[in-house]
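Peer 1: Heads up: the sequence shown begins at 1 in my numbering, then just goes up one per residue.
If you are wondering where the hints come from, they were derived from the structure by calculation, not from laboratory data.
It is possible that some hints are incorrect.
[Claimed, not checked] Below, computed lysine-lysine pairings styled on DSS-like, alpha-carbon distance capped at 25 Å: (1) LYS353 - LYS327; (2) LYS66 - LYS166; (3) LYS310 - LYS66; (4) LYS181 - LYS166; (5) LYS217 - LYS243; (6) LYS181 - LYS109; (7) LYS71 - LYS310; (8) LYS327 - LYS344; (9) LYS66 - LYS353; (10) LYS344 - LYS29; (11) LYS109 - LYS166; (12) LYS243 - LYS353; (13) LYS123 - LYS71; (14) LYS166 - LYS123; (15) LYS217 - LYS321; (16) LYS29 - LYS310; (17) LYS181 - LYS217; (18) LYS310 - LYS353; (19) LYS123 - LYS109; (20) LYS166 - LYS107; (21) LYS71 - LYS29; (22) LYS107 - LYS66.
[To be verified] The calculated label-pair distances, taken between Cβ atoms and stated as ranges, are: (23) LYS243 - GLN264: 40 to 46 Å; (24) PRO77 - ILE173: 25 to 31 Å; (25) GLU121 - GLU149: 35 to 41 Å; (26) ASN93 - ASN248: 43 to 49 Å; (27) PRO320 - PRO189: 36 to 42 Å; (28) LYS181 - GLN264: 39 to 45 Å; (29) ASP312 - PRO77: 40 to 46 Å; (30) GLN236 - SER286: 37 to 43 Å.
From the three backbone atoms N, C-alpha and C, an ideal C-beta is built for every residue, glycine too.
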Amino acid sequence: MNRLVCFVFTLILNSVVWSSEPLVLFEGKDSFAPKQPQACIDSNGTAHVAFGVGNDVYHCTVRDDKISTPKVAFQIPNMSLGLRRGPRIARSNSSVVITAIGGLEGKGKDGDILCFRSMDEGKTWIGPNRVNDVEGSAREGLHAMTASEDGTLWCVWLDLRDRGTKLFVSKSIDQGATWTKNVLAYRSPSGSICECCHPSILAQGSWVHILFRNSLKGDRDMYLASSNDHGETFGQAIRIGDKNWALNACPMDGGMLAVDHRGQMLTTYRRSQNVFIAGNSTQTESIVGIGEQPWIAGTDEGFFTVWTSKRDGDLMLLRPKTTEPEKLSDSSSFPVVISGTQSKPPTYVLWEKRDGNRIAILGQRIQ
């Protein structure tokens, strides 16, 4: 992105507030196109946003609906970016923590989860610290990160340390400064889980839940692997949804899970051409619409679910306690929805919007 465009966006972002209408956070084209927005909200209602531009990881904040100018936080060599590959961000006590995957060679030849943390709200960044304890084992480029209520950070990724793709987990109790010995969360009897679908992770009390797409006997179904001992061991994974998806390919669509203020968990995922929501069993599945790439957030009012009708399609939103989705935007991809834990927290949606070879990161407050 040239300096004039950056200057214009600085003026724009310093003069507006986030509202109920879509707002451009950043845009560029070709190798300067921003991709894969992710965000978290801290206990004070401040949202922290991260996205990638080439090898640069950008960060900005939304405080009282006022958006700071996105700035480069750090660089990741040959960063995995696109198709749900990209930075992940979480708040851990006094630190903002971002992870991303990259390697000196890139192109799937190597790849490590690199963790950076900021103790001054994103002004400076400390790192990198490697999360995966076998070098190059995160080269598939797909991972997720979250923080539990006590500030413990959890990271899960598709791991290639030996034959077949497996799920490994690590945690940090010092705001990302160090990470524990990696724990195997799931190994598929077929030898590999679905190779190109991102995992998701949720931590609640002593429980850790991981949503992922499996590969078993020709089916690419969603499974939930859970631990009730703070991630030390994981029990037998259970299938989510009441039907199988026979597919001899990877749909590159991993779903998401969330919990509301009552502690109720809900998952969202794609099967065939439809998007579903379901609890943690095979008997609770409901269809919400046609589409792909769903994401979900829990609030004190219930769950917000977003998805797109297709790649670069209509962005759809299903609000809590409603059955009819509404359209937020067109030409959209890879949406995320986030909300805080406080009473009546702000809830935001972020997504990519494409216009030819130009991509913009858009955001909208929906509550």
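Peer 1: Each hint: holds or not?
Peer 2: Okay, the hints, checked on the actual structure:
1. Restraint check for LYS353 and LYS327: the C-alpha separation of about 14 Å stays at or below 25 Å, so the hint holds.
2. Between the alpha carbons of LYS66 and LYS166 the distance comes to roughly 41 Å, so the proposed pair goes past 25 Å and is violated.
3. Taken as a hint, the LYS310 and LYS66 pair is broken in the structure, with Cα atoms around 31 Å apart against an allowance of 25 Å.
4. Annotation: proposed proximity of LYS181 to LYS166 holds, straight-line Cα distance about 16 Å (limit 25 Å).
5. The straight-line distance between the Cα atoms of LYS217 and LYS243 is roughly 14 Å, inside the 25 Å bound, and the hint therefore holds.
6. Restraint check for LYS181 and LYS109: the C-alpha separation of about 23 Å stays at or below 25 Å, so the hint holds.
7. For the given pair, LYS71 sits about 30 Å from LYS310 by alpha-carbon distance, which is inconsistent with the 25 Å threshold.
8. Our distance criterion of 25 Å between C-alpha atoms is met by LYS327 and LYS344, whose separation comes to about 23 Å.
9. With a C-alpha separation of about 21 Å, the suggested pair LYS66 and LYS353 falls inside the 25 Å cut-off, and the hint holds.
10. Annotation: proposed proximity of LYS344 to LYS29 is violated, straight-line Cα distance about 37 Å (limit 25 Å).
11. For the hint pairing LYS109 with LYS166, the CA-to-CA distance comes to about 17 Å; that is within 25 Å, so the pair holds.
12. Among the hinted pairs, LYS243 with LYS353 is inconsistent with the structure: their alpha-carbon atoms are about 32 Å apart, more than 25 Å.
13. Only pairs whose Cα atoms come within 25 Å are accepted, and LYS123 paired with LYS71 is accepted, the gap being roughly 9 Å.
14. Under the criterion of a C-alpha separation no larger than 25 Å, the hint pairing LYS166 with LYS123 is inconsistent with the structure, at around 36 Å.
15. With a CA separation close to 37 Å, the supplied pair LYS217 and LYS321 exceeds the 25 Å bound.
16. For the suggested pair LYS29 and LYS310, the alpha carbons sit about 21 Å apart, so the restraint of at most 25 Å is met.
17. A C-alpha spacing of about 31 Å is found between LYS181 and LYS217, which places the hinted pair above 25 Å, so the restraint is violated.
18. Using a Cα cut-off of 25 Å, the hinted pair LYS310 and LYS353 holds, with the two alpha carbons roughly 12 Å apart.
19. Taken as a hint, the LYS123 and LYS109 pair is broken in the structure, with Cα atoms around 33 Å apart against an allowance of 25 Å.
20. Distance restraint check for LYS166 and LYS107: the Cα-Cα separation of roughly 20 Å lies within the 25 Å cut-off, and the hinted pair is therefore satisfied.
21. For the suggested pair LYS71 and LYS29, the alpha carbons sit about 17 Å apart, so the restraint of at most 25 Å is met.
22. Restraint check for LYS107 and LYS66: not satisfied, since their Cα atoms lie roughly 38 Å apart, outside the 25 Å limit.
23. For the hinted restraint 40 to 46 Å between LYS243 and GLN264, the CB-CB distance of approximately 23 Å leaves it violated.
24. The hint said 25 to 31 Å for the Cβ distance between PRO77 and ILE173, and at roughly 28 Å that hint holds.
25. The beta-carbon spacing between GLU121 and GLU149, approximately 20 Å, falls outside the hinted interval of 35 to 41 Å.
26. Distance hint check: the CB atoms of ASN93 and ASN248 are about 45 Å apart, consistent with the given range 43 to 49 Å.
27. PRO320 and PRO189 have their C-beta atoms about 38 Å apart, which keeps the hinted 36 to 42 Å range intact.
28. For the pair LYS181 and GLN264, the beta carbons lie near 32 Å from each other, so the given range of 39 to 45 Å is not met.
29. Roughly 29 Å separates the CB atoms of ASP312 and PRO77, a value that falls outside the hinted 40 to 46 Å.
30. Between GLN236 and SER286 the beta carbons are some 25 Å apart, a value that contradicts the proposed interval 37 to 43 Å.
The structure is inconsistent with the numbered hints 2, 3, 7, 10, 12, 14, 15, 17, 19, 22, 23, 25, 28, 29, 30, although it conforms to all the rest.
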